[in-house]
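Participant: As you go down the protein sequences, you meet chains R and H in turn. One point on numbering: in my numbering, the residue at position 109 of the first sequence is 109, and numbering is uninterrupted. One point on numbering: in my numbering, the residue at position 253 of the second sequence is 253, and numbering is uninterrupted.
Don't read these hints as lab results, they were simulated from the structure. One thing to keep in mind: the hints can contain errors.
Using 30 Å as the maximum straight-line C-alpha spacing, the simulated DSBU-like pairs for lysine-lysine come out as follows [what the hints assert, rightly or not]:
id	chain 1	residue 1	chain 2	residue 2
1	R	Lys26	R	Lys89
2	R	Lys46	H	Lys297
3	R	Lys53	H	Lys143
4	H	Lys75	H	Lys143
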Amino acid sequence: MIQMNNVVKKYPNGVVAANGISVDIKQGEFVYVVGPSGAGKSTFIKLMYREEKPTSGDVIIAGTNLSTLKNRQVPFLRRQLGVVFQDFKLLPRLNVYENVAFALEVIEEHPKMIRKRVMEVLELVGLKHKVRMFPSELSGGEQQRISIARSIVNMPKVVIADEPTGNLDPETSWEIMNIFEEINTRGTTIVMATHNREIVNTIRKRVIAIEGGMIVRDVFGGDYGYEG
Amino acid sequence: MRGRTIQRHFRESLKSLTRNGWMTFASISAVTVTLLLVGVFTIIMMNLNKVADDIENDVEIKVLIEIIDDKEKAKAAEDTLISDIKKISGVEEVVYSSKEQELDLLIEDFGDDLSLFEQSNPLRNVLYVKAKEPQQTAKVAEKIEKLDNTYQVVYGEGKVEKLFSFLNTSRNVGLVLILGLLFTAIFLISNTIRITIIARKEEIEIMKLVGATNSFVRIPFVIEGMWLGILGSIIPMVVVSVVYYNVYNIVQPRLQGELLQLVDLTPLLYQVNVLILVLGMFIGIWGSFMSVRRFLKI
Ligand SMILES: Nc1ncnc2c1ncn2[C@@H]1O[C@H](COP(=O)(O)OP(=O)(O)O)[C@@H](O)[C@H]1O
Ligand SMILES: [Mg+2]
Numbered sequence: 001m002i003q004m005n006n007v008v009k010k011y012p013n014g015v016v017a018a019n020g021i022s023v024d025i026k027q028g029e030f031v032y033v034v035g036p037s038g039a040g041k042s043t044f045i046k047l048m049y050r051e052e053k054p055t056s057g058d059v060i061i062a063g064t065n066l067s068t069l070k071n072r073q074v075p076f077l078r079r080q081l082g083v084v085f086q087d088f089k090l091l092p093r094l095n096v097y098e099n100v101a102f103a104l105e106v107i108e109e110h111p112k113m114i115r116k117r118v119m120e121v122l123e124l125v126g127l128k129h130k131v132r133m134f135p136s137e138l139s140g141g142e143q144q145r146i147s148i149a150r151s152i153v154n155m156p157k158v159v160i161a162d163e164p165t166g167n168l169d170p171e172t173s174w175e176i177m178n179i180f181e182e183i184n185t186r187g188t189t190i191v192m193a194t195h196n197r198e199i200v201n202t203i204r205k206r207v208i209a210i211e212g213g214m215i216v217r218d219v220f221g222g223d224y225g226y227e228g
Numbered sequence: 001m002r003g004r005t006i007q008r009h010f011r012e013s014l015k016s017l018t019r020n021g022w023m024t025f026a027s028i029s030a031v032t033v034t035l036l037l038v039g040v041f042t043i044i045m046m047n048l049n050k051v052a053d054d055i056e057n058d059v060e061i062k063v064l065i066e067i068i069d070d071k072e073k074a075k076a077a078e079d080t081l082i083s084d085i086k087k088i089s090g091v092e093e094v095v096y097s098s099k100e101q102e103l104d105l106l107i108e109d110f111g112d113d114l115s116l117f118e119q120s121n122p123l124r125n126v127l128y129v130k131a132k133e134p135q136q137t138a139k140v141a142e143k144i145e146k147l148d149n150t151y152q153v154v155y156g157e158g159k160v161e162k163l164f165s166f167l168n169t170s171r172n173v174g175l176v177l178i179l180g181l182l183f184t185a186i187f188l189i190s191n192t193i194r195i196t197i198i199a200r201k202e203e204i205e206i207m208k209l210v211g212a213t214n215s216f217v218r219i220p221f222v223i224e225g226m227w228l229g230i231l232g233s234i235i236p237m238v239v240v241s242v243v244y245y246n247v248y249n250i251v252q253p254r255l256q257g258e259l260l261q262l263v264d265l266t267p268l269l270y271q272v273n274v275l276i277l278v279l280g281m282f283i284g285i286w287g288s289f290m291s292v293r294r295f296l297k298i
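Take these sequences, add in the hints, and give me the full structure.
Facilitator: Pasting the structure below:
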């Protein structure tokens with residue numbers, strides 16, 4: 001599903017945020033990406049949805065090599081991925097329903113299909129009863145659930161999340177993790193960068209640890225691995 | 001692109017028009033001023049052109065007669081020529097002027113210095129021909145040229161050169177002025193669109209994240225630019241039409257039978273209105289293109 005071969009990413013300012021990363025993530029896997037801050041986790045994530053291009057090496061998503069992907073083909077890559085962020089990235093002027101529907105409207109999905117899919121995913125994240133509310137009227141956890149709903153509304157094969165629980169209290173974080181697990185059991189591949197030791201140590205999954213732009217550990221069912 | 005999508009783009013473009021109110025107003029005003037000038041200028045130029053044309057045509061034809069030494073034969077040839085010219089349709093009158101009369105005219109104009117030519121007059125006998133309609137002058141002249149014993153046929157000399165050079169100067173000044181205004185208007189529109197783009201930064205980011213195509217992101221901004229252009233062309237179209245309509249109706253009746261005539265209302269007003277509208281849309285679309293290219297890095 002996701003393959004990286006010897007990927008190097010050097011930013012224009014000279015920082016090497018990925019220094020020879022090779023990895024293979026299969027369809028249906030759940031992968032944590034851990035590491036100290038500045039290690040290159042976000043860069044690793046950004047390389048997958050082609051927010052950043054590798055300086056060298058190949059990134060292959062669902063058979064598509066992103067190194068040779070033309071700019072105008074990027075939108076079609078993005079439609080196969082769902083992306084979730086720490087800061088939710090919801091549109092404040094749109095209500096819950098509109099925020100989720102937005103992802104389908106801009107890819108010109110049929111209106112009937114939009115209604116059906118939006119209600120389905122809102123049900124999945126447990127916010128069907130709040131469709132008319134605006135982001136400002138919701139808690140952080142609820143906002144993150146909407147952003148997850150938006151990321152999966154077009155049925156992507158992969159959901160990529162960059163510290164999705166970073167802004168949430170522990171209890172809410174568990175609720176969010178339950179949703180990700182649910183999505184994963186339905187067959188969607190999940191790649192999640194996280195700082196949350198408790199979660200990684202409790203919900204055991206594959207753990208990829210990055211330091212200084214290199215993968216230093218890659219263990220199935222591993223623990224968070226950083227003390228103190 | 002689906003109909004639904006086009007609808008969405010139009011909706012979005014209208015939304016942001018109302019959202020950044022005073023920038024919208026400033027751009028529309030700039031387009032309005034520009035197009036108003038374009039309209040007025042075009043109408044004035046069209047009328048001046050017509051005046052120049054009319055003057056050029058409303059002139060006598062001067063026919064220089066071939067010199068024949070034998071006096072009898074010369075007289076006969078001149079008579080034939082006069083009667084032949086009179087037979088040409090569209091000729092109103094033919095006036096004969098001998099070379100002595102011609103010299104007197106020259107002396108009147110340029111002074112006694114020329115009187116020494118009275119001994120051996122280098123001029124020719126001349127016929128002055130006037131056409132019934134100014135527009136026929138050129139045609140009549142052409143026909144006269146084909147007749148026997150004409151040495152040279154000239155008309156319209158020197159009378160319109162001054163007008164033409166005035167016309168040229170004012171055209172150039174006008175074009176420079178309009179070009180300057182055109183760029184100001186385009187600049188203001190591209191600024192308005194830039195503000196729209198900045199105001200929608202988050203929205204654009206999310207659109208790109210969920211896989212909207214580049215054209216899907218861009219089109220609403222281009223449509224917004226087009227609106228600015230169209231809205232800016234309304235006042236110029238109305239003002240130019242109403243003003244010229246009234247000027248025409250007041251002035252034209254007083255020019256009955258005169259040489260100077262205004263350009264008719266139709267098709268002039270249609271042409272000028274189309275010009276204003278097309279130019280407005282062009283300014284708007286171009287202005288927003290510049291912004292979209294520069295500030296929408298997609
Ligand atoms: N756009 C960028 N331009 C320059 N340097 C960057 C950019 N993004 C990240 N970096 C640098 O790359 C390194 C890795 O950053 P990042 O991938 O965000 O790490 P993490 O998400 O693990 O904290 C850091 O040193 C960071 O300063
Ligand atoms: Mg990060």
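Participant: Determine for every hint whether it applies to the structure shown.
Facilitator: Structure-based check of each hint:
1. For the hint pairing lysine 26 (chain R) with lysine 89 (chain R), the CA-to-CA distance comes to about 28 Å; that is within 30 Å, so the pair holds.
2. The straight-line distance between the Cα atoms of lysine 46 (chain R) and lysine 297 (chain H) is roughly 17 Å, inside the 30 Å bound, and the hint therefore holds.
3. The hinted pair formed by lysine 53 (chain R) and lysine 143 (chain H) fails the criterion: a straight-line CA distance of about 79 Å is larger than 30 Å.
4. For the hint pairing lysine 75 (chain H) with lysine 143 (chain H), the CA-to-CA distance comes to about 21 Å; that is within 30 Å, so the pair holds.
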